[in-house]
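Work out the full structure, taking the sequences as your base and the hints as a guide.
There are 4 protein chains.
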Amino acid sequence: MSTVDELRCEVADLHRELTRYSLVIWTAGNVSARVPGEDLMVIKPSGVSYDDLGPDTMVLTDLHGNLVEGELAPSSDTAAHAYVYRNMPEVGGVVHTHSPYATAWAARGEPIPCVLTMIADEFGGDIPVGPFALIGDDSIGRGIVETLRDSRSPAVLMRSHGPFTIGADARAAVKAAVMLEDVARTVHFAHQLGRPDAIDQQHVDRLYARYQDVYGQ
Amino acid sequence: MSTVDELRCEVADLHRELTRYSLVIWTAGNVSARVPGEDLMVIKPSGVSYDDLGPDTMVLTDLHGNLVEGELAPSSDTAAHAYVYRNMPEVGGVVHTHSPYATAWAARGEPIPCVLTMIADEFGGDIPVGPFALIGDDSIGRGIVETLRDSRSPAVLMRSHGPFTIGADARAAVKAAVMLEDVARTVHFAHQLGRPDAIDQQHVDRLYARYQDVYGQ
Amino acid sequence: MSTVDELRCEVADLHRELTRYSLVIWTAGNVSARVPGEDLMVIKPSGVSYDDLGPDTMVLTDLHGNLVEGELAPSSDTAAHAYVYRNMPEVGGVVHTHSPYATAWAARGEPIPCVLTMIADEFGGDIPVGPFALIGDDSIGRGIVETLRDSRSPAVLMRSHGPFTIGADARAAVKAAVMLEDVARTVHFAHQLGRPDAIDQQHVDRLYARYQDVYGQ
Amino acid sequence: MSTVDELRCEVADLHRELTRYSLVIWTAGNVSARVPGEDLMVIKPSGVSYDDLGPDTMVLTDLHGNLVEGELAPSSDTAAHAYVYRNMPEVGGVVHTHSPYATAWAARGEPIPCVLTMIADEFGGDIPVGPFALIGDDSIGRGIVETLRDSRSPAVLMRSHGPFTIGADARAAVKAAVMLEDVARTVHFAHQLGRPDAIDQQHVDRLYARYQDVYGQ
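Residue numbers (the numbering used here), protein chains in the order written: chain A, 128 to 344; chain B, 128 to 344; chain C, 128 to 344; chain D, 128 to 344.
Keep in mind that the hints were calculated from the coordinates and are not lab data.
In this text the structure is predicted, and so the values were computed from the model without any measurement.
A virtual CB, placed ideally from N, CA and C, is assigned to each residue, including glycine.
Keep in mind that the hints are not guaranteed to be accurate.
Stretch by stretch, here's where chain A covers chain B in the computed footprint (C-beta under 8 angstroms, at least three residues) [claimed, not checked]:
| hint | region |
| --- | --- |
| 1 | 234–245 |
| 2 | 307–319 |
| 3 | 335–342 |
Here are a few chain A residues that sit away from chain B, every Cβ distance over 12 angstroms (derived from the structure) [what the hints assert, rightly or not]:
| hint | residue |
| --- | --- |
| 4 | Val-131 |
| 5 | Glu-137 |
| 6 | Arg-143 |
| 7 | Ala-155 |
| 8 | Pro-172 |
| 9 | Val-175 |
| 10 | His-191 |
| 11 | Glu-198 |
| 12 | Glu-217 |
| 13 | Thr-230 |
| 14 | Arg-276 |
| 15 | Asp-324 |
| 16 | His-330 |
| 17 | Ala-336 |
Derived list of chain D stretches under chain C, where covered just means 3 residues or more per stretch with a C-beta under 8 angstroms from a C-beta of chain C [what the hints assert, rightly or not]:
| hint | region |
| --- | --- |
| 18 | 242–256 |
| 19 | 316–328 |
Pasting the structure below:
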């Protein structure tokens, strides 16, 4: 199986994680993967039901969002994904959702504070807010890149809109989207009845370093 | 398959979206579809479990709610659906639920403010509240029509009761019901910990125009 | 199939509605049905997983909770169910859960106000709070009966404990348990951001009368 | 089947209860079981998806966390589990999750007050908070043991981190984790709209004694 075909399968499968964790409704949300070593990406088609997603419905575009292979129009967020790939060569996967708790923080324009060891592990500090940006040109992509370029966080809360996450590959970006909603929810709950203490910066640094190096197989 | 039989299948299937997104419990909630070009509609029967809904259990009525075909009594909300079809010829589908977050806004009689790009996209502005109306005559239907006639929103929050949504067809009305509960929930979360900024009217207008024209296949 | 065997099937099946709507966890919660015309009831066994419930695991007891048929000990709430059947001859089914929103109202000892048409329909007014009562004798049963005897509500919020619901048969009691949690949740949401208006008593009366008479097949 | 093989099956199966009740996301969370009479334990591997867990992927370690059998690295929380088994001989099972409501209480460092009969039954009083502790040495295990040693509660809320639960066997520890999240959620809801009364200590004692002795088969 060619690399592109493998990525079609992987990206189609990863969309199921978005529904499994209720990060998306109807046809909203999308996952993409860069084709390693090529100026290409695999992305979800626009407005197609999650039940109907499979390797064959995934779309191949160049890194300006032009259709290369596939019969369906690419996601309406393709320009944002493409901008990220053009400007962050270390990124191999991008995810966008409107997951409800993360989007509530985005609506208020409020970063998620690093008050849980899980936030230190995965995000390395507060989860930042990006600017309000309209769809239709590079504004959203630029807002993502400017916010994440100098951050350890793989997630940005785009103001009044919702989260984007990035990763070394599509699976890592999906993992970040899942963990983002989880911590957005838990910190929301904590804030409803008080204000939890922030974790000391030195502890955040140790937790982040350990998780990046030691966790998993 | 005749148009009516196709609509029986489609309306039965669409009810599964209501349970998938937890918009309904037990036998509450209903979807209907206008039979194009005829003074007829297909609607859910009254008080039947979602597990037992199929093309054969759907009911055909005229646009005054009189039974035309089917062995079961139509939904107790049939009069409201029928009133909408009689008075809004552009409407091809109607949905009613008591989805919990939207109903909480309806209980307070408070419109959902347009603070998310997804609200601008689908609803074109604030999501309005309709009057308190008793079941049993045309009061509910009249409240829906008077509220939605001059609005871009396909959803109305009927006071102390719950939401109704409309669409060009039943699928569009179900989509609006699903998106309504999603944004009702996200804005609820946002309001629990602050007050998000409204999106500028000019941005709302551009987002709405783009979503109606460009999104999907 | 004998009446008792039919009730074993029905009661076993109805327990699945408790898990479907997340009203129970682990082995908590229980449904019972009176055997019509006999001083007997069918009830869930104590501490058995919902996955393992079937007609054969259901237990038959007399109306003092003594085992009549079955190899398992009956639910630890059997005394409460039995007391209700002895003292409310019109009741054919009883349900107990710790469903989270209803139990939160019970923890505060606060009735659920009649601010939704669905509450007027099914509960006919505010949903009342019962006394704090310890398990082990007739205290819980007595608290249920004293609270519900002169109420239109089929549900009582037992203080610091959780809800019990009753019905003409087990299915009606389960329906009340499902609707109770739904309205407990929606009114909780409404109260988080304000105070909804109560529905006028005359409207409550009309809604209740209509729903009892007209709804369903 | 050997005891170790039986425990591999049991521990793998019990992980499904964590996903069933949404106590975990992605690969987070873990269950372990002591091998009775041996200085060994069976535990989840690190960073493996819940879909891929089975008897064969479970890992056998000694009670210092050294791998004895299995091809995968053990959970990154292995040291904490091992410390508990070394220092609490009565414990046969340990569970760790980041279940959201329990973790919100942990983030605020606030014990869950005993305001529900279900808390008295299973936890015997308030559910305590443990210290903030970094992963990497015995700090977490020591915090668990010091908090639970003189408590009736099988659950501790590790500050800024999440809950650990213990039991006579792995199933009891999982039950405690499920019930913990349930009561953490219900009391959270209750506190959002007021302050429920605590249950009298004498009633807590009677409920706890009865539940430990009488409940179940």
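Hint check:
1. Given a C-beta distance limit of less than 8 angstroms, the hint that chain A covers the region 234–245 of chain B holds, as 4 residues qualify and 3 suffice.
2. Only residues whose C-beta sits within less than 8 angstroms of a C-beta in chain A count toward coverage, and the region 307–319 of chain B has 7 of them, enough to reach three; the restraint holds.
3. Counting residues of the region 335–342 of chain B whose beta carbon lies closer than 8 angstroms to any beta carbon of chain A gives 3, which reaches the threshold of three, so the coverage claim holds.
4. Look at Val-131 (chain A): its CB is around 21 angstroms from the nearest CB on chain B, clear of 12 angstroms, so calling it non-interface holds up.
5. For Glu-137 (chain A), the shortest C-beta to C-beta distance to chain B comes to about 23 angstroms, beyond the 12 angstroms cut-off, and the non-interface label holds.
6. The non-interface label for Arg-143 (chain A) is consistent with chain B: the shortest C-beta to C-beta separation is roughly 14 angstroms, beyond 12 angstroms.
7. A beta-carbon of chain B comes within 12 angstroms of the beta-carbon of Ala-155 (chain A); the shortest separation is about 7 angstroms.
8. The beta carbon of Pro-172 (chain A) is not kept farther than 12 angstroms from every beta carbon of chain B, the shortest such distance being approximately 7 angstroms.
9. With a minimum CB-CB distance of about 7 angstroms to chain B, Val-175 (chain A) fails to clear the 12 angstroms threshold, and the non-interface call is violated.
10. For His-191 (chain A), the requirement that its beta carbon stay farther than 12 angstroms from each beta carbon of chain B is met, with the minimum near 17 angstroms.
11. Listed as a non-interface residue, Glu-198 (chain A) fails to keep its Cβ farther than 12 angstroms from every Cβ of chain B; the least gap is roughly 9 angstroms.
12. No Cβ of chain B approaches the Cβ of Glu-217 (chain A) within 12 angstroms, the least distance being about 28 angstroms, so the stated non-interface status holds.
13. Not every C-beta of chain B lies more than 12 angstroms from that of Thr-230 (chain A), the closest at about 5 angstroms, which undercuts listing it as non-interface.
14. Annotated as non-interface, Arg-276 (chain A) keeps its C-beta farther than 12 angstroms from every C-beta of chain B; the closest such distance is 23 angstroms.
15. At the 12 angstroms boundary, the C-beta of Asp-324 (chain A) stays outside the reach of chain B, the nearest C-beta of that chain being 17 angstroms off.
16. Listed as a non-interface residue, His-330 (chain A) keeps its Cβ farther than 12 angstroms from every Cβ of chain B; the least gap is roughly 25 angstroms.
17. Taking the minimum C-beta to C-beta distance to chain B, about 31 angstroms, the non-interface status of Ala-336 (chain A) holds against the 12 angstroms cut.
18. Requiring three or more residues with a Cβ within less than 8 angstroms of a Cβ of chain C, the coverage given for the region 242–256 of chain D holds, as 4 such residues are present.
19. Residue count for the region 316–328 of chain D with a Cβ under 8 angstroms from a Cβ of chain C: 9. That meets the three needed, and the coverage hint holds.
Hint compliance for this structure: hints 7, 8, 9, 11 and 13 are broken, all remaining hints hold.
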